[in-house]
Every structure is written in structure tokens, then in C-alpha cells.
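Q: Sequence:
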Amino acid sequence: AFYKKPASDKSISMLKHFLLCCATLAITTIVTAQSKHTNAAAQVIHFDLTEANNMVVKAIINQVDTVRLMFHTASSEVTLVEEATQKMKSLHFERTDSVNSWGGSGNTSRHSKSNTVSIGALTWNNISIWENKNSGPQTDGKFGTDLFANKVVEIDFDKKLILLHTTLPAKAKQFTQLKLSRQGDLL
Numbered sequence: 001a002f003y004k005k006p007a008s009d010k011s012i013s014m015l016k017h018f019l020l021c022c023a024t025l026a027i028t029t030i031v032t033a034q035s036k037h038t039n040a041a042a043q044v045i046h047f048d049l050t051e052a053n054n055m056v057v058k059a060i061i062n063q064v065d066t067v068r069l070m071f072h073t074a075s076s077e078v079t080l081v082e083e084a085t086q087k088m089k090s091l092h093f094e095r096t097d098s099v100n101s102w103g104g105s106g107n108t109s110r111h112s113k114s115n116t117v118s119i120g121a122l123t124w125n126n127i128s129i130w131e132n133k134n135s136g137p138q139t140d141g142k143f144g145t146d147l148f149a150n151k152v153v154e155i156d157f158d159k160k161l162i163l164l165h166t167t168l169p170a171k172a173k174q175f176t177q178l179k180l181s182r183q184g185d186l187l
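My numbering numbers the first residue of the sequence shown as 1 and each following residue consecutively.
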């Protein structure tokens with residue numbers, strides 16, 4: 001994780017111009033690829049920021065059902081709320097398991113294996129989907145950082161973009177590195 005050092009108004013203006021040029025260049029040179037491929041250009045995902053400050057992306061499940069998923073850094077895999085799964089045509093659950101969550105123990109969750117999830121130009125295959133009771137307001141479910149395995153994740157809140165890089169971008173030198181620790185699925 002990086003924190004930008006405070007700068008003067010002139011340097012902020014120059015930085016904004018530089019970042020705008022970089023973003024324009026990256027967006028116009030993106031090569032459509034699956035997440036397992038590597039590209040020199042960043043892969044771009046557009047998101048909406050809700051009133052509850054949740055980052056929400058449009059996703060397509062099994063090339064059929066469109067859902068709004070919240071990017072949740074304390075989550076792994078993909079979960080969908082019961083209300084959303086009831087409307088879906090392509091999702092088939094194979095089993096129900098007992099699960100523990102932040103809401104307590106003794107919960108059950110239905111599980112669907114081998115799904116396809118597409119977000120923007122990215123597609124992931126063989127994805128497990130769990131049914132969940134809760135998600136952020138205005139969302140049908142959530143996904144975690146595991147979809148971005150082996151990627152450097154950049155979040156641009158001003159432009160509402162998630163940029164996925166194969167290597168640390170050069171502009172990272174302008175930021176101060178902070179320690180990020182992981183406990184299980186939590187960052």
C-alpha cells in the first residue's frame with residue numbers, strides 16, 4: 001500500500017496532468033486478455049462508488065446474468081445474496097454447507113462450483129460462488145482480492161478505476177510505502 005506525500009499546488013497540477021496522460025494512454029492501449037495472461041498495459045475496471053463508500057463493479061455470471069458486485073478486501077471468492085440468486089438463470093447450486101462468518105456460526109450457505117465471472121474485459125473460469133445473506137447496500141454480492149492474484153492493484157478513486165498491473169508502475173516511486181499485512185483472507 002502506498003501513501004502520497006503532500007505536494008504544492010503546482011506539483012499537484014503537474015501530477016494530475018501526468019496521471020491524466022498516463023490514464024489516457026493506458027486506456028487506449030489496453031489489450032483484452034484473460035486474467036492469466038500478462039500485459040505491459042494496465043487492465044482497467046471501472047467502478048461506481050456508493051454513498052456507503054463501497055466500490056461496485058458490473059459483473060456477468062456464466063455469460064448470462066448481470067450483477068453488481070462490491071470489491072471487498074476482507075473477502076475471498078465470490079458471494080451473491082439470496083435475493084440476487086433467486087433471479088438468476090445460470091447459477092446452479094450443488095450443495096449446502098455450514099459456515100462461520102463475522103455474523104456468527106451456525107449459518108448455512110449454498111455453493112455453486114465451476115462458474116465464469118466476467119468484469120470488464122477480464123474473465124475468470126472455474127470460480128466458486130457462495131450464497132450469502134448480506135452484502136453492501138446497492139450490491140448483489142461481493143468479490144475479494146483473490147481474483148487479482150499476482151497483480152499489482154491500483155485504485156484511482158478520482159477516476160473511479162481499478163487498474164491491474166503485472167509489475168509495480170514507475171509512478172509508485174512518488175508514494176511512501178506502508179506495510180500491509182494479511183491474516184487469512186483479511187488485509
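One should not assume that every hint holds.
[Said to hold, decoys possible] Derived Cβ-Cβ restraints for the label pairs, each shown as a range: (1) K87 <-> A52: 20 to 28 angstroms; (2) R95 <-> D156: 22 to 30 angstroms; (3) E94 <-> A172: 18 to 26 angstroms; (4) R182 <-> N107: 22 to 30 angstroms; (5) V153 <-> R95: 16 to 24 angstroms; (6) Q174 <-> T96: 47 to 55 angstroms; (7) K89 <-> A170: 40 to 48 angstroms; (8) E77 <-> I155: 32 to 40 angstroms; (9) T96 <-> F175: 42 to 50 angstroms; (10) N134 <-> K113: 31 to 39 angstroms; (11) T66 <-> V153: 19 to 27 angstroms; (12) K113 <-> Q138: 37 to 45 angstroms; (13) T176 <-> T66: 33 to 41 angstroms.
What the hints contain is simulated information worked out from the structure, not anything from laboratory work. All residues carry an ideal CB built from backbone N, CA and C; glycine is no exception.
Q: Can you list which hints this structure breaks, lowest number first?
A: Per hint list: 2, 3, 5, 8, 10, 12 violated.
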